[in-house]
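> Input sequences plus hints: build the corresponding full structure.
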Amino acid sequence: MKKRIFYWISGRNVKKPIVSDIIKTYDVDVTILKAKMEPSEGFLTLELNGNEDNVLNSVEYLKEYGEVEDISQPIQKKEEKCIDCGACIVHCPVGAIKFEEDFSVTFDIDECIGCKTCAKICPTKAIVVYDL
Amino acid sequence: MKTIKQINEKIKNGDAVIVTAEEMISIVEEEGAEKASETVDVVTTGTFGAMCSSGVFLNFGHSDPPIKMMKTYLNGVEAYSGLAAVDAYLGATQANSDDDIGIDYGGAHVIEDLVAGKEVELEAEGYTTDCYPRKRVSTIITIDDLNQAMLFNPRNCYQSYNSATNSRDEKLYTYMGKLLPEFGNLNYSGAGQLNPMQNDFNTTTKTYNTLGVGTKIFAGGAQGYIAGEGTQHSPAGGFGTLAIQGNLKEMDTKYIRGATIPKYGSTLFMGIGIPIPVLNSEIAQTCAIRDEDIKVPILDYGIQRRDKPTLGVTNYKDLRTGKISMELDISGEKVDKCIRTTSVSSYKTSREIAGELKDWIINKEFFLSDRVAGLNTCAPKPMKADAKLVRDIIKRPPIVAKETISVSEASKILIEKNINHLPIVDENNCIMGIITSWDIAKAMAQSKTTISDIMTKYVVWASPDEPIEMVAKKMSANNISGLPIVDNNKKVLGVISAEDISKLIGHYI
Numbered sequence: 001m002k003k004r005i006f007y008w009i010s011g012r013n014v015k016k017p018i019v020s021d022i023i024k025t026y027d028v029d030v031t032i033l034k035a036k037m038e039p040s041e042g043f044l045t046l047e048l049n050g051n052e053d054n055v056l057n058s059v060e061y062l063k064e065y066g067e068v069e070d071i072s073q074p075i076q077k078k079e080e081k082c083i084d085c086g087a088c089i090v091h092c093p094v095g096a097i098k099f100e101e102d103f104s105v106t107f108d109i110d111e112c113i114g115c116k117t118c119a120k121i122c123p124t125k126a127i128v129v130y131d132l
Numbered sequence: 133m134k135t136i137k138q139i140n141e142k143i144k145n146g147d148a149v150i151v152t153a154e155e156m157i158s159i160v161e162e163e164g165a166e167k168a169s170e171t172v173d174v175v176t177t178g179t180f181g182a183m184c185s186s187g188v189f190l191n192f193g194h195s196d197p198p199i200k201m202m203k204t205y206l207n208g209v210e211a212y213s214g215l216a217a218v219d220a221y222l223g224a225t226q227a228n229s230d231d232d233i234g235i236d237y238g239g240a241h242v243i244e245d246l247v248a249g250k251e252v253e254l255e256a257e258g259y260t261t262d263c264y265p266r267k268r269v270s271t272i273i274t275i276d277d278l279n280q281a282m283l284f285n286p287r288n289c290y291q292s293y294n295s296a297t298n299s300r301d302e303k304l305y306t307y308m309g310k311l312l313p314e315f316g317n318l319n320y321s322g323a324g325q326l327n328p329m330q331n332d333f334n335t336t337t338k339t340y341n342t343l344g345v346g347t348k349i350f351a352g353g354a355q356g357y358i359a360g361e362g363t364q365h366s367p368a369g370g371f372g373t374l375a376i377q378g379n380l381k382e383m384d385t386k387y388i389r390g391a392t393i394p395k396y397g398s399t400l401f402m403g404i405g406i407p408i409p410v411l412n413s414e415i416a417q418t419c420a421i422r423d424e425d426i427k428v429p430i431l432d433y434g435i436q437r438r439d440k441p442t443l444g445v446t447n448y449k450d451l452r453t454g455k456i457s458m459e460l461d462i463s464g465e466k467v468d469k470c471i472r473t474t475s476v477s478s479y480k481t482s483r484e485i486a487g488e489l490k491d492w493i494i495n496k497e498f499f500l501s502d503r504v505a506g507l508n509t510c511a512p513k514p515m516k517a518d519a520k521l522v523r524d525i526i527k528r529p530p531i532v533a534k535e536t537i538s539v540s541e542a543s544k545i546l547i548e549k550n551i552n553h554l555p556i557v558d559e560n561n562c563i564m565g566i567i568t569s570w571d572i573a574k575a576m577a578q579s580k581t582t583i584s585d586i587m588t589k590y591v592v593w594a595s596p597d598e599p600i601e602m603v604a605k606k607m608s609a610n611n612i613s614g615l616p617i618v619d620n621n622k623k624v625l626g627v628i629s630a631e632d633i634s635k636l637i638g639h640y641i
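Chains P and U, in that order, give the protein sequences. Take the first sequence: its letter number 104 is residue 104 in my numbering, and every next letter is one higher. With the second sequence counted from 1, adding 132 to any position gets you my numbering.
If you're looking for bench data, these hints aren't it; they were derived computationally from the structure. All residues carry an ideal CB built from backbone N, CA and C; glycine is no exception. Please note that a few of the clues may not be correct.
[Said to hold, decoys possible] What follows is a set of in silico ranges between Cβ atoms, one per label pair, in the way DEER data are often shown: (1) U:W570 <-> P:G11: 26 to 36 Å; (2) U:A630 <-> P:N13: 42 to 52 Å; (3) P:E111 <-> U:D231: 45 to 55 Å; (4) U:K250 <-> P:E111: 28 to 38 Å; (5) U:K303 <-> P:K125: 16 to 26 Å; (6) P:E111 <-> U:K513: 43 to 53 Å.
This is the structure we're talking about:
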């Protein structure tokens, strides 16, 4: 299964190799989509890939050192505002936005990592981001 | 041979055959141009993109007592009112007078709000005369309160447009959208095979087959007219433009949309469609133009000069696939690179415009008009203004140092040469880092002794071909006071400092 999460790690645990722990212990593939370290806390956006039990166990392990939140739907396109220009497409780091055959612009919400790059680029401000 | 009068008769009788420019391609391919010119009467076209040179003439009607409006604001956006008492021209790219809002709500957004029927705050100030005793006026209006709201775009509907990429190692925010560093993307604009002017262009005579002054068109969802050739009209190079007019009161927010290109400005997305009467086989052939037939030059917007270098040529068909490959010259080496492409105009809406115009004609709501005159042939001239380049004020020979010198030797150089910036170079004189007098002061305080410990390794640099305006912008953006000038191989040619630039502005005898 593939699971995307936001992970907040508390200050006293930032030096612990938690991500490599779950890779070694639970045999999950981890993609770090985003990482930000602050003086006494860290924020990560992770994609976990592996068999279901392992992924869920690794999430339980992560919870011991910080807080886990599922990435639900971080972004939404306001259809009435979108003009289907496509200016956002090349700026999506994970290729979640594309032209359909009829040249309408569509979002694959499952792929979205909530980086907000598309929202910043959109000329008509048609993309709403939900801060989590 | 048909005439526009005959075609209008057929439309009236419901006998006319109307197709979009996309549909015309296969008709001509299958039947040939001769036969297609007999079967098809009108080809409809469409385009929907950012058209910065857009705006509206507004007449507010007279207040009591009357005012001569001199400074006029609509929702905080200034409209030019150096016309008669209560007339103003609101330009799409005008930024908000409130710095905090700026380009996020500019002229184009006011235009969209007017079309949407929303309430708009009008504030105006004038000088008092016997005719116009009132000094100020402040009220709320909607488009229905205006006597006239006349869209007049002096230049839009570009026949062709360049695509844009960026050779620099920093991202750029341009009117073609955000351009990622090192050829990270290629942005293009335009409807290609649906483009109105492209479908009417006679490539032999470099003129337009049917469109001209007085041609009735689809303008922002209403029926408008071509007023003449647009500004910077350049048919010889295939870069024709149109000046158009239309009644804003009849327009639709679907086809007239306020937008903001990030860190560039506000602009109006405008929909234009032109019907082309298929009078003969030549016109039928021209209307069958395909995306792959339309050349699109690839320009390097990394060179911030009027004449940007052309890196190659592509076409709309390839651009629409989402990526193109091209050979690039990177630091003197030929490199094959695959570049992702994206559109900054809407092909989907262009299609809808061509379709809607087709429906209008089929439903007998739209008839074609004969042009009164063709478009003038002209070629745009550049502005007469000298460019001051980095190479013009460069000091030679460059004062540089190797990484092996000591901090005290470096401080000696700065003092003896009376400079503040010392580029650190390798054995080929290529840039490795830079130290400033401030770095030396810091090194003293922190007891650091080697150059590599104190030098800035991520150096912001300038090339000799850059205009000094760009260097000033770089210095202010990076909060630095000087930067090395390097050639294509990163070899240091000199240093340019804030003092050098201020001398150009604050020059005294």
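> All hints, please: hold or fail.
Against the structure, the hints come out as follows:
{"no.": "1", "hint": "U:W570 <-> P:G11: 26 to 36 Å", "in the structure": "holds (33 Å)"}
{"no.": "2", "hint": "U:A630 <-> P:N13: 42 to 52 Å", "in the structure": "holds (46 Å)"}
{"no.": "3", "hint": "P:E111 <-> U:D231: 45 to 55 Å", "in the structure": "violated (38 Å)"}
{"no.": "4", "hint": "U:K250 <-> P:E111: 28 to 38 Å", "in the structure": "holds (36 Å)"}
{"no.": "5", "hint": "U:K303 <-> P:K125: 16 to 26 Å", "in the structure": "holds (20 Å)"}
{"no.": "6", "hint": "P:E111 <-> U:K513: 43 to 53 Å", "in the structure": "holds (49 Å)"}
Hint 3 alone, counting from the list given before, is not met by this structure.
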